[in-house]
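Those letters in the sequence shown? Residues 787 to 961, per this note's numbering, in order.
Check the hints yourself; a few may be wrong.
What the hints assert, rightly or not - The list that follows gives simulated cross-link-like pairs (lysine-lysine, DSSO-like), each with its CA atoms no further than 27 Å apart: (1) K926 to K824; (2) K848 to K862; (3) K902 to K961; (4) K849 to K836; (5) K859 to K836; (6) K849 to K859; (7) K961 to K836; (8) K859 to K879.
Rather than coming from a laboratory, the hints here were simulated on the basis of the structure.
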Amino acid sequence: MLKRIMIVVTLVVLAGFTLGSSTARAESQKIGVMNIQKVLLESSAGRKAKEVFEKRMNELQKKFKTEQDALVKLQKEIEKKSSAWSKEKKGEKIRELQLGQREMQVKSEDAKMELKQLQNKELEPILKMLQTVVNSYGEKHGYSIILDSKVAVLYADSSIEVSDAVKKELDKRMK
Numbered sequence: 787m788l789k790r791i792m793i794v795v796t797l798v799v800l801a802g803f804t805l806g807s808s809t810a811r812a813e814s815q816k817i818g819v820m821n822i823q824k825v826l827l828e829s830s831a832g833r834k835a836k837e838v839f840e841k842r843m844n845e846l847q848k849k850f851k852t853e854q855d856a857l858v859k860l861q862k863e864i865e866k867k868s869s870a871w872s873k874e875k876k877g878e879k880i881r882e883l884q885l886g887q888r889e890m891q892v893k894s895e896d897a898k899m900e901l902k903q904l905q906n907k908e909l910e911p912i913l914k915m916l917q918t919v920v921n922s923y924g925e926k927h928g929y930s931i932i933l934d935s936k937v938a939v940l941y942a943d944s945s946i947e948v949s950d951a952v953k954k955e956l957d958k959r960m961k
């Protein structure tokens with residue numbers, strides 16, 4: 787019985803030392819948070835990438851607007867004149883509309899893929915440099931960890947926010 791009590795006391799003492807040392811380690815760690823999206827959108831390289839992306843998106847939208855307007859016009863024509871057309875002509879116009887809609891859907895999917903590839907192409911070098919900047923910034927300023935404030939961080943004191951400093955460093959390195 788006495789032996790069991792000694793084992794329990796020993797375990798409690800060891801647990802106390804273990805908890806005490808981990809608490810001391812946690813107190814000495816420096817944590818930072820940053821908003822990656824903010825850094826990307828506000829950095830000069832991120833703004834340039836966004837401009838390139840938006841320019842291409844607007845070009846595609848203009849291109850599709852003409853085709854979409856033609857399909858709407860055809861649909862209205864079918865609605866107005868279908869009762870006066872022969873069965874064959876009505877079927878022909880409906881097939882023409884369906885074919886146009888399918889082509890539009892395919893072109894739309896192609897455009898989405900093109901825009902996704904353009905976005906990846908524009909962001910990839912920025913994201914690589916951002917990773918380098920965050921790593922060097924963290925090491926230089928003694929951070930144990932830097933977290934994205936928009937992913938699983940419910941609260942962070944503003945004193946540990948490093949977004950602006952990281953953005954400035956990214957701007958310097960991307961010139």
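request  = Find the hints from earlier in the document that the structure breaks and name them by number, from lowest to highest.
outcome  = 5
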